[in-house]
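Chemist: Work out the full structure, taking the sequences as your base and the hints as a guide.
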Amino acid sequence: MTLVLEAAVLGILTGGVYALMASGLTLIFGVMRIINVGHGALVVLGAYLSFALFSSLHMDPFVSLVVTMPVMFLLGVLLQLVFIRPLKTDREALSVLVTYAIALGIEGVLGYIFTTNYVELRGWYETATFAIFGFHITWVYVFGFALCLLILGGLFLMLYRTAFGGAIRATMLNRTAAQLIGVDVDRVAAIAFGIGVATAAAGGVVFGITNAFNPGSHYDLISRLLTIIVLGGLGSLRGAIIAALLMLVTEDITQVLISPVWANFVFFVILVAILIVRPQGLYGVRVRDRI
Amino acid sequence: MSGTPTLAIRPARATALKAFGLALLALLALLLPVVAPDPATTNMAIFTVMYVGLATSWNIMGGYTGYISLGHAAFFGFGAYSFGLMLIHFNVTPGYPPFALVPVAGLLTAVLAVGIGWIALRTRAATFVIVTIAFMFMLQLLGENLVELTGGGAGLGLPYSHDWGGDFFNIPYYYAMLALAVLALVISWWIRRSKFGLGLLAIRDDEDKALAVGVPTRGFKLTAFVISALLVGMIGAVYGYYITYLYPQFVFDPLIGISMVLMAFFGGLGTLSGPVIGALLLEPAQLEFAYRLGASKLYLVFYAAVFLIVILLLPRGIVPSVADLVRGWRRRQMGPTAGGSRKAPAASAGEEPPTPAQQGLASP
Numbered sequence: 021m022t023l024v025l026e027a028a029v030l031g032i033l034t035g036g037v038y039a040l041m042a043s044g045l046t047l048i049f050g051v052m053r054i055i056n057v058g059h060g061a062l063v064v065l066g067a068y069l070s071f072a073l074f075s076s077l078h079m080d081p082f083v084s085l086v087v088t089m090p091v092m093f094l095l096g097v098l099l100q101l102v103f104i105r106p107l108k109t110d111r112e113a114l115s116v117l118v119t120y121a122i123a124l125g126i127e128g129v130l131g132y133i134f135t136t137n138y139v140e141l142r143g144w145y146e147t148a149t150f151a152i153f154g155f156h157i158t159w160v161y162v163f164g165f166a167l168c169l170l171i172l173g174g175l176f177l178m179l180y181r182t183a184f185g186g187a188i189r190a191t192m193l194n195r196t197a198a199q200l201i202g203v204d205v206d207r208v209a210a211i212a213f214g215i216g217v218a219t220a221a222a223g224g225v226v227f228g229i230t231n232a233f234n235p236g237s238h239y240d241l242i243s244r245l246l247t248i249i250v251l252g253g254l255g256s257l258r259g260a261i262i263a264a265l266l267m268l269v270t271e272d273i274t275q276v277l278i279s280p281v282w283a284n285f286v287f288f289v290i291l292v293a294i295l296i297v298r299p300q301g302l303y304g305v306r307v308r309d310r311i
Numbered sequence: 307m308s309g310t311p312t313l314a315i316r317p318a319r320a321t322a323l324k325a326f327g328l329a330l331l332a333l334l335a336l337l338l339p340v341v342a343p344d345p346a347t348t349n350m351a352i353f354t355v356m357y358v359g360l361a362t363s364w365n366i367m368g369g370y371t372g373y374i375s376l377g378h379a380a381f382f383g384f385g386a387y388s389f390g391l392m393l394i395h396f397n398v399t400p401g402y403p404p405f406a407l408v409p410v411a412g413l414l415t416a417v418l419a420v421g422i423g424w425i426a427l428r429t430r431a432a433t434f435v436i437v438t439i440a441f442m443f444m445l446q447l448l449g450e451n452l453v454e455l456t457g458g459g460a461g462l463g464l465p466y467s468h469d470w471g472g473d474f475f476n477i478p479y480y481y482a483m484l485a486l487a488v489l490a491l492v493i494s495w496w497i498r499r500s501k502f503g504l505g506l507l508a509i510r511d512d513e514d515k516a517l518a519v520g521v522p523t524r525g526f527k528l529t530a531f532v533i534s535a536l537l538v539g540m541i542g543a544v545y546g547y548y549i550t551y552l553y554p555q556f557v558f559d560p561l562i563g564i565s566m567v568l569m570a571f572f573g574g575l576g577t578l579s580g581p582v583i584g585a586l587l588l589e590p591a592q593l594e595f596a597y598r599l600g601a602s603k604l605y606l607v608f609y610a611a612v613f614l615i616v617i618l619l620l621p622r623g624i625v626p627s628v629a630d631l632v633r634g635w636r637r638r639q640m641g642p643t644a645g646g647s648r649k650a651p652a653a654s655a656g657e658e659p660p661t662p663a664q665q666g667l668a669s670p
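If you read the sequences in order, they're chains B and X.
Here our numbering is used: the first residue of the first sequence is 21, the next is one more, and so on.
Here our numbering is used: the first residue of the second sequence is 307, the next is one more, and so on.
It should be emphasised that the hints constitute simulated quantities derived from the structure, not laboratory data.
Just so it is clear, CB atoms sit at the ideal spot from N, CA and C, and this is done for glycine as well.
Any given hint could turn out to be false.
Partial selection, computed: residues in chain X whose CB lies under 10 angstroms from chain B [stated by the list, open to error]:
#1 E450
#2 L568
#3 L604
#4 L614
Modeler: Laid out in structure tokens, this is it:
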């Protein structure tokens, strides 16, 4: 029983990281109606940027976010301008292919520079633990969770308390109507993509400390992230967060009760089960023709 | 699809030209192993013909109905594994007999596709794409986890014929792949000109309207999905027999799933010849780059670049773009007087009558 409880706690802590990464993905979908299949690769790229700063300047991975997040934000804006904006027709299908290509490109470049050997981000908190109610929890999970809460909190504040957040939400609700009332939807889309990519960098640091990764790690990541946002309902931030916590807790409990090799599989089983009952996901709205 | 009387000569000449080109291509495909029997060439030919078949099969679902599946590698891998397991458990003599099991592997894949399709087709557009990816990874995990059945990550070795050696080894596989590619093309052609195909195109253009005018959309979508999966499963089976060793991550490979999609897009989505042209152009290039740059992973960058160029510069693919050029050229040739009947030359321009989606009607 304690094992199950410990697994649940760990599931919530790691679920926070997935909630952060999935939020960026679902935000991008909500604003632009595109699926960013390259999100996993951008997370891995964020992790590698921190890794490079760590190996060259001995910068702490968490501290390196000060550098990597703005860089990744700019990269996101650039990717949106160059590759996503030119898509005029059939955006939804074409964007999947374009972002897939971005993922392959990132994987190829990272593979060329860093080879396919697994690496890991390091810090004292990676192994140091503390005890609470008899559980031993590694500091990194707490730091990671706190970071995610901080960024998610900032994201929500921005979305619900600022004029720009209002513009983003208006674009998510109805692009044409937002344009009519004077929202510059192209600018909103570019900045939202940048924000999504910047959160991927933050997710990448936590992912990189808690997992060994290589350039090919993005396949596993993106399949999980996509499952999470479909489960939560595409374009729903709240749905993504709840789905991430639900998935990771279930996964960690499966790991303890059944076997680690089946933990990943449960992810997809939950997705299938939910789709049979609710094809639009937990918080999704069933829109005619779209979802 | 007969041209209007006034334009009868041009379509006839176009048809003759097309028939000649097709015959030449068929002759080339049939004679290739005789002309160039060295294993390096036949190996490249096997993979190229395989992707002709895969892209054509994928196009039956993705091109005609507009439902983009990125998880067709699930059916490819399932076909390969079910075929391999049958070979081992039924103790089939290696050589020609195993080819008889290829259709059985296809049927098993079709059964799986009914289940997957039933669930995945409850969703549309973006969600459908994601669900197909999820199923692909689900099968990859099953391949890795069911160690007693599949051998897991250590792989599954298939028996192969020791009588076939040297230059001959590749040849039976080549003709098997060619037969499947032709089968896929014939089925795709038949669907394209059937009432069923018309229903699929209606689903692509506006599913709700199609349903309203009486197209049984659910049944049609599922049928197209299953036909497409059956063909991919059979191709996967021959592939498995050819490479003789199956690993979950190499047959349930997302790159295989995306390659067939890229080729169909490159040639022209929803056209008959598009996927063929896409595969004939891209697969040899991909093999060449993987061979030259494979160790450094840079071939992925090349692949990504081709991808981005295709989609950003030719979003509708080669065939529709070229058809447009030809149409414009003809209109100029006929002079301004004939310009009034825009429809006639369009209908005679080729096998593919332009549809609204090809003309960029799809909603943003």
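Chemist: Give a verdict on every hint.
Modeler: So, going through the hints one by one against the coordinates:
Below 10 angstroms, beta-carbon pairs count as interface contacts, and E450/X has one with chain B at about 7 angstroms; its hint therefore holds. Satisfaction of the interface hint for L568/X is found here, the shortest Cβ-Cβ separation to chain B being roughly 7 angstroms, below the 10 angstroms cut-off. Taking 10 angstroms as the C-beta contact cut-off toward chain B, the hint placing L604/X at the interface holds, the least distance being around 5 angstroms. For L614/X, the shortest C-beta to C-beta distance to chain B is roughly 5 angstroms, which falls under 10 angstroms, so the interface hint holds.
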